[in-house]
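S.K.: Sequence:
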Amino acid sequence: MREGREGTYVGETKGGVREGRGRLVWSNGDTYLGNFHNGLRHGQGVFESKRGIRYEGEWRVSRRHGEGSQEWPSGERYNGGWRNDTPDGRGTWLKRGGRYAGDLREGVKHGKGVLKLRNGGEYDGQWARGRMEGFGVYIWPDARIYKGEWEAGLRHGEGTLSLPSGERYSGQWKAGKKHGEGVWRWSNGRTRWRVVCWRARVLRKADTLLVGKASQCLRRCRYMLGSLPCLAAEPPSPAPVSQ
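In this text, residue positions in the sequence shown follow this note's numbering: the first is 67, and each later residue adds one.
No lab work stands behind these hints: they were computed from the structure. Heads up, some of the hints might be wrong.
BS3-like, lysine-lysine: derived pairs with alpha carbons at most 25 Å apart [what the hints assert, rightly or not]:
#: 1; residue 1: K213; residue 2: K178
#: 2; residue 1: K240; residue 2: K178
#: 3; residue 1: K213; residue 2: K182
#: 4; residue 1: K80; residue 2: K116
#: 5; residue 1: K182; residue 2: K161
#: 6; residue 1: K161; residue 2: K178
#: 7; residue 1: K213; residue 2: K243
#: 8; residue 1: K116; residue 2: K178
#: 9; residue 1: K161; residue 2: K116
#: 10; residue 1: K116; residue 2: K182
None of the values given here were measured: they were computed from a predicted structure.
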């Protein structure tokens with residue numbers, strides 16, 4: 067047994083330095099059980115803090131590095147890659163808000179991954195710096211689906227929003243709202259369809275009564291940040307995406 071500034075150590079040594087397997091107990095009650103090299107935590111080991119944090123996995127020069135899992139007193143859990151004491155690489159992170167499985171960089175979502183929220187929402191796609199960015203599919207708890215491009219966590223670029231009723235918008239988006247060229251497909255009953263279009267700053271409206279087995283009416287429209295002022299029948303925009 068050796069006592070030092072770090073605490074009390076029981077285990078293998080070489081030349082008076084911790085080397086091999088051992089157990090280190092700090093004066094504050096934190097403990098480490100595992101491998102050491104040149105006096106530092108290195109290899110496989112388990113760290114438990116007095117505050118209730120527990121890490122089990124790989125270490126390099128006393129830092130969590132490689133594959134490992136960590137649990138917090140709150141119930142939060144992470145299992146996956148680590149780099150210099152920070153989650154990095156592929157991993158699965160369970161938090162109060164939901165579960166993320168995919169790529170991380172420096173502790174945030176970055177790359178490709180799936181986020182499943184506790185409220186039933188789900189996003190499967192690309193991430194950058196912790197926010198949805200690139201191509202992805204978001205499904206709301208009420209079964210609305212957006213499939214398309216994202217920027218800074220908002221729908222931005224080309225994408226399609228599908229509603230449970232069968233109504234659908236396909237076209238351009240900007241900052242989370244319909245903007246630019248697009249097509250709405252929606253119905254009032256089985257045979258009556260209404261189309262409203264914005265072209266060259268002129269709002270054009272048309273009612274079309276379809277008979278028999280007609281199933282849809284498509285018309286190209288131009289939106290300005292989601293607004294078509296006289297379209298009372300337009301389905302409401304979905305609530306902002308929650309992460």
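S.K.: Each hint should be assessed against the structure and marked as holding or not.
M.R.: Comparing the hints with the structure gives:
{"no.": "1", "hint": "K213 x K178", "result": "holds (15 Å)"}
{"no.": "2", "hint": "K240 x K178", "result": "holds (22 Å)"}
{"no.": "3", "hint": "K213 x K182", "result": "holds (16 Å)"}
{"no.": "4", "hint": "K80 x K116", "result": "violated (29 Å)"}
{"no.": "5", "hint": "K182 x K161", "result": "holds (10 Å)"}
{"no.": "6", "hint": "K161 x K178", "result": "holds (18 Å)"}
{"no.": "7", "hint": "K213 x K243", "result": "holds (14 Å)"}
{"no.": "8", "hint": "K116 x K178", "result": "violated (35 Å)"}
{"no.": "9", "hint": "K161 x K116", "result": "holds (21 Å)"}
{"no.": "10", "hint": "K116 x K182", "result": "violated (31 Å)"}
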